[in-house]
Amino acid sequence: MLTRREFLKLCAAGASVSLVSVLLPDLALAAKSGAIDKLPVIWIELGSCTGDSISLANTMDPSQKKLFSEIIDLRYHWLHMAAQDGQSVKALEDTVQRDKNRYILVIEGSVVTADQGKYNYILQKNGSLKTGIDMLKYLAEHARWVMPVGSCATWGGPAAAYPNPAGCKGVAEVIHRPVINVPGCPAHPDWTVGTLYHLINYGEPELDSAYRPKIFFGRTVHDRCTRRQYFENGIFARNPGEESCMYLLGCKGPVTYADCPVRQWNDHVNWPVEASSPCIGCTSPEFPDGMMPYFKHLPDIRLHGATAAPDRLAKALGIGTAVGLGTHLAGNIFTGRIGKNLISGTKPKASIVTKKTYPAKELEDKVDALLEKFDNLEQELTHARQKSRNKKGLIAKAKQLLGKDSGEETD
Amino acid sequence: MSLEKKLVQPLPVRIFHWLTATIVFTLVLTGLYINNPTFLDLPLWWVRKVHFYFSFLFIANFTLYTYYYAITRKYPEVLFMPGDIKKMPRLLAFEFFLENTQPNFGRYNPGQKLLFTAWFLLALVLICDGLVLYFINLAQNIFYPLALVNTLRMIIYFGTVFFAISIPVHIYLAVTSDPAKVQAMVTGYIEQNKP
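Going line by line, the protein sequences match chains A and B. Position 246 of the first sequence, counting from 1, maps to 246 under the working numbering, and the rest follow consecutively. Position 153 of the second sequence, counting from 1, maps to 153 under the working numbering, and the rest follow consecutively.
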């Protein structure tokens with residue numbers, strides 16, 4: 001069995017053949033020898049096109065059958081299981097009861113939240129239809145790991161694109177527990193199998209801030225692009241199909257984290273840029289609204305239903321400013337202000353720091369007023385002192401009189 | 001009437017100002033070219049290198065510029081303060097030709113201070129944004145919004161556009177309304193009548 005270090009090296013380098021074909025025989029061997037546990041896996045599909053399951057089926061050697069039967073213990077997958085209706089639901093329920101906190105829950109498709117999820121019934125249990133959101137909450141509660149696969153399950157994806165009438169959301173937004181996001185539209189089979197391999201053998205992989213395994217999503221597409229040299233030399237394709245850099249055709253490689261250039265697709269046959277089509281940034285949390293239009297460099301801006309292209313908005317702002325300045329200049333010329341300013345603009349002016357100055361007369365008046373105020377205050381003070389003295393005299397007199405009276409009485 | 005020379009722009013301010021002007025001009029040009037490299041056949045690696053070198057120069061110059069205003073405690077002269085709100089109507093009345101006499105607000109008028117404050121805040125945002133885009137493979141690990149790279153690219157784009165349209169406004173108003181202050185940004189002094 002591969003050590004974790006060997007595994008990470010293998011993932012980071014990008015295999016010259018499919019990672020799946022390298023890992024699966026190893027996993028099968030390890031499972032057979034009892035070195036690893038065959039972990040039960042429940043794979044549910046919510047609001048989706050089944051693209052991630054189809055992508056996973058796109059493994060050449062060894063087959064998908066080997067993955068499902070020898071590597072993992074797949075208990076539920078509506079597309080791949082032979083059982084139907086009650087039997088399949090029983091298998092699902094048995095797994096939840098018998099393997100609590102042991103199974104891996106893989107989710108494909110976005111969580112439909114509008115109208116309590118009524119637009120997305122995924123199975124029938126005890127005679128009643130169950131919505132995707134209810135089943136997700138129920139299954140995620142008892143799962144050891146929750147692994148949304150594909151752009152829809154991770155951040156809503158195309159299902160959550162504007163105007164999003166079904167209220168589609170990513171899994172993490174709904175269940176509020178740690179997840180391991182494996183994005184992509186669809187997710188590459190290597191990313192899905194590689195993450196499962198890591199979970200089974202070494203536990204949770206190192207994740208970035210968007211909960212993506214860094215082994216697959218640690219660097220941008222642009223960093224390892226097979227046409228990077230064209231970009232550096234400024235040789236750009238003007239039309240899809242031209243063999244040069246796709247940057248001017250809105251390639252989102254510089255803002256997308258994925259290892260597509262080294263991993264490539266369809267068992268290492270090709271990848272979008274090598275097929276002379278720009279990267280659309282499907283592994284990004286901003287996909288697709290923040291990446292559209294696909295053939296434009298920057299995404300459109302949506303404000304209350306109105307859409308504006310950033311380039312056009314910038315041009316409008318530039319034109320608006322130019323018109324504003326032109327109008328002001330015309331006003332300056334018309335009023336003669338500009339001529340005055342330009343001819344005498346640098347000539348000496350009055351002091352910039354203006355100090356308040358008082359003319360002599362004003363100052364004299366102010367001093368007189370102050371003196372008068374002072375005299376008044378002095379008079380008031382003398383008057384108050386006089387009053388106080390009078391008061392004191394009266395009190396002394398009163399005391400004297402009271403003293404005499406009391407003396408007479410005692411005699 | 002006797003004249004006096006008054007120092008309006010000390011040497012450090014003049015150095016910082018013209019360095020900022022050169023750096024921002026280069027950054028705006030190279031930034032817009034990187035966004036749309038269609039009009040000249042320049043090797044993009046060269047343009048990007050110039051952009052990155054000037055970005056780091058900008059950070060250094062911006063830090064020192066801010067430090068200068070902080071230690072000299074002169075920042076109320078360049079930043080828009082609450083007291084400037086009351087002065088705005090007079091400035092607007094003059095700029096919209098409702099009043100003929102140019103009010104004397106001292107070193108900078110409230111409109112200029114408003115623009116400088118906007119530039120200062122925008123520069124802070126763009127420095128952070130630019131660093132994230134430069135260290136793109138590290139930034140995604142720090143916290144979630146930094147993984148939204150296309151949004152960050154959009155912010156830096158509109159920041160550049162704001163600089164591209166506000167710098168001509170700044171130059172136009174400075175040159176047409178008070179050439180003496182433009183002269184002071186070169187020599188440091190203005191000539192004025194003694195009070």
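By construction, these hints were calculated from the structure, which means they are not laboratory data. Any given hint could turn out to be false.
Here chain A is said to cover these stretches of chain B; the calculated rule only asks that three of the stretch's residues, wherever they fall, bring their Cβ under 8 Å from a Cβ of chain A [as the list claims (entries may be wrong)]:
1) 49-58
2) 71-78
Calculated from the model, a selection of chain A residues having no Cβ within reach of chain B, i.e. all distances over 12 Å [stated by the list, open to error]:
3) 3
4) 99
5) 204
6) 217
7) 286
8) 318
9) 320
10) 328
11) 336
12) 373
Only pairs whose alpha carbons sit at most 30 Å apart, straight line, appear in this in silico BS3-like list of lysine-lysine [as the list claims (entries may be wrong)]:
13) B:5 x A:340
14) B:49 x A:296
15) B:74 x B:87
16) A:315 x B:49
17) B:6 x A:399
18) A:366 x B:194
19) A:90 x A:66
20) B:6 x A:340
21) A:340 x B:86
22) A:340 x B:49
23) B:74 x B:86
24) A:214 x B:49
25) A:137 x A:90
26) B:194 x A:340
In this text, all values refer to a predicted model and were calculated from it rather than measured experimentally. C-beta atoms are modelled at their ideal positions from N, C-alpha and C, and glycine is treated no differently.
### Message
For each hint given before, does the structure comply? Return the numbers of the non-compliant ones in rising order.
### Response
1, 2, 6, 7, 8, 9, 10, 11, 17 and 22
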